[in-house]
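Residue numbers (this note's numbering), protein chains in the order written: chain C, 1 to 396; chain B, 1 to 306.
Quick caveat, the hints were computed from the structure, so don't treat them as lab data. All the pointers check out, no bait thrown in.
Ranges between beta-carbon positions, derived for each pair: (1) Pro101(B) <-> Thr66(C): 22 to 30 Å; (2) Ile203(C) <-> Leu233(B): 18 to 26 Å; (3) Val269(B) <-> Asn225(C): 53 to 61 Å; (4) Val39(C) <-> Arg91(B): 35 to 43 Å; (5) Ala58(C) <-> Leu233(B): 38 to 46 Å; (6) Asn225(C) <-> Glu126(B): 40 to 48 Å; (7) Phe218(C) <-> Val269(B): 46 to 54 Å; (8) Asn224(B) <-> Gly180(C): 34 to 42 Å; (9) Gly51(C) <-> Lys191(B): 45 to 53 Å.
Among chain B residues calculated to face chain C with C-beta under 10 Å, some are: (10) Leu107; (11) Ala242; (12) Ile243; (13) Asp279.
Stretch-level coverage of chain B by chain C, calculated; a stretch enters the list once three of its residues show a Cβ under 8 Å from a Cβ in chain C: (14) 86-98; (15) 118-131; (16) 289-299.
Just so it is clear, CB atoms sit at the ideal spot from N, CA and C, and this is done for glycine as well.
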Amino acid sequence: MSERGPANTAATVPHTRNPLPALAVAALATAFLITLLLVESQVGIAALIAGAAIATIAAARQGLLTRITAGLATREDLLGALCVAGVLVVTVFFHEDHFVLLMVATLILFVVATLGLNIQFGYTGLINFAGSSFLGVGSYTAAVLTMHTALPHLLVLLMGGVMAAAIGSLLLLPVLRTRGHYSAVVTIAFALLFKTFLEVNDILGGPQGLAVAGMDLFGWSFNDNIVIGDDFELSFYANYVLLSLAILVVAFIFVRRLDRSWIGLNLDAVRLDETAAACFGLNILRWKITAFTLGNFLIGVAGALYGMMLGFIAPANFTFGDSLILVSIVLLGGLGNAWGLVVATAIVVIIPEKLQAIQEYRFLLYASMVILILLFRPQGLIPRPLRTYFPGFRTR
Amino acid sequence: MDVGLFAQYVMNGLMLGMMYALVAVGFTLFFGVLDVIKFSHGDVLTVGAFTALATYLGLSAAGVNSPVVQVLAIVIVAGCSMALLGALIARVLVLPLKNAPALNTLLITLMLGTVLRESVRLFYPEGANPKPFPSLLPSDALVLGNFNLRLDSVLMLAAGAAVIVGVQLLLNRTKLGLAIRAVAQDEETAKTMGINFTLVVLITFGIGSALAAIAGIMNGLYYNEINFGMGLLLGAIGFSAAIVGGLGNIYGAIIGGFLFAMLQTIGAVALPFASAYKDVFAFGAIILIMAWRPTGLIQEKISERV
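So that you can see chain C by itself, here it is in the shape it has in the complex (with noise of 0.2 Å):
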């Protein structure tokens, strides 16, 4: 998750800001964290989010948010290093809990996959409707590799996002040449199409869905309980977090340097404007292509783990709704913005997961909330900064 480039690196520019407030607030947000996820009584969780949000919200008026995110965001290295060791910290406290475990790896997953979809409507604007089926198509290229091959692992989940661009490459061309509304109804025909297509198909297992085997990694077999030492034991699940977040961490480093270098310049301009773009030498065909499968890539790798991690995948995992689902993440979290995802995806799978009181309620609250903030905060919660290339560079 960091940021090298050169001009961002300790040895070219020297430390203007402290790193001490960024550290205070990492401790703040993990011990939140661990608490939100301690607390079982459904007050105390309801009163815990609502305290959070009016903290939030009167950090802002003071003007603390904006001081703490411009020190941050010249050193998102930092940035990245402190998220990555909070969620180590809640994965050591919670070593021996399967359920936060499984909610901790699910949004790491979740996160990746929209990072993906990030890339296609954030960057290039190319809308993608089916997200939620190109993570199926991962899932069950795991299922079906792992069951009847020997592949290694990791390769499996390369192969998920191979098959989920391959997959994806065979709607190319209806999204290439439609705009706007003519080619939401491309990925919408398919999210609907796949998911008819692996409730009727036998061989994929039907509406009862798949068994896929447990992650092994060099004889490393995920399914089993770290055992270190003699009483301290880490649920399975601990390894899917591990494996998520190196996996999280690779593709947000590639996506973020992606959006700095001239490729995300490049698509920038295809999304704001083709003709101009198209005008000035762009090749808006092969920026759309890039965006489209480089996306259905990431979905699919994180598909692919996510369900190893499940060991059981159904075509009720992945509808038309859970598409909607990932596309709200990228709204809400600001369209464009990697960082402003993570806090989206933690809100979106967290807060129902949690608030177990309202898990009847919790798509009818989950839409009303997207409506809201359309309404009120069309830009998402953290809205796109623009780049800067030169730290410490306003422009006033």
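Assemble the complex: chain C is given as a structure, and chain B must be docked to it using the hints.
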């Protein structure tokens, strides 16, 4: 294949096509006036069907047992209340986002669809289970070999056709229709000509949503069952039909609706593999058509200003 069986499939296809066309006409009307996609349309259909069911139950409880009165009452009550709901959605959610990116409107209405669907599931008494819908139309049938021509199907087809022709006449022959078409063509110019833009938009959304209610009632009467999730698929199919036909064109929407029903029927009957793949086949064909004709079969006239 037997002629009678063939006729039966054609009849089923026509019924489906009529429902899809009604939904698709709604999509195309909305797109015409505001250039937006209102994706909650399918769930408005569900709410309409449930309103109709509630009205029927209320009437039965009040002792009104004449089927003719009941049918008229459920159509009027469901149609009017959905028209109000549609206008309300336009006023509160769609118009405020008029200048936002198209994706936001699409998403806000998708989410509203979820809200409507979940509300039906949670707040309608036992809304999570499928509900039996009464068959209120005479079910006399004309049996010709394998072909079973039911009177209720014929009545529904005729009613659906009448509604579509009515909308067409309204758009082309009345002053209101002229206003709607003017707004669709050029909002600014229409405003300078003294057309009340907001009112026209609200009325158009009302008309489209009433069509969805009628489609929902047809669906209920045809299958004798409704459930809270029926709108999602019907909405997606109606949207596909409107897009395939070419947005903003009412004939395109009708063609698209019947085309989709035809694809589904062909998928169920004439293909070598199992009929369960009919939706896969139909949606696959839609994707291919989009690749072939990126702006629909009846192409929207697009001129891009640079």
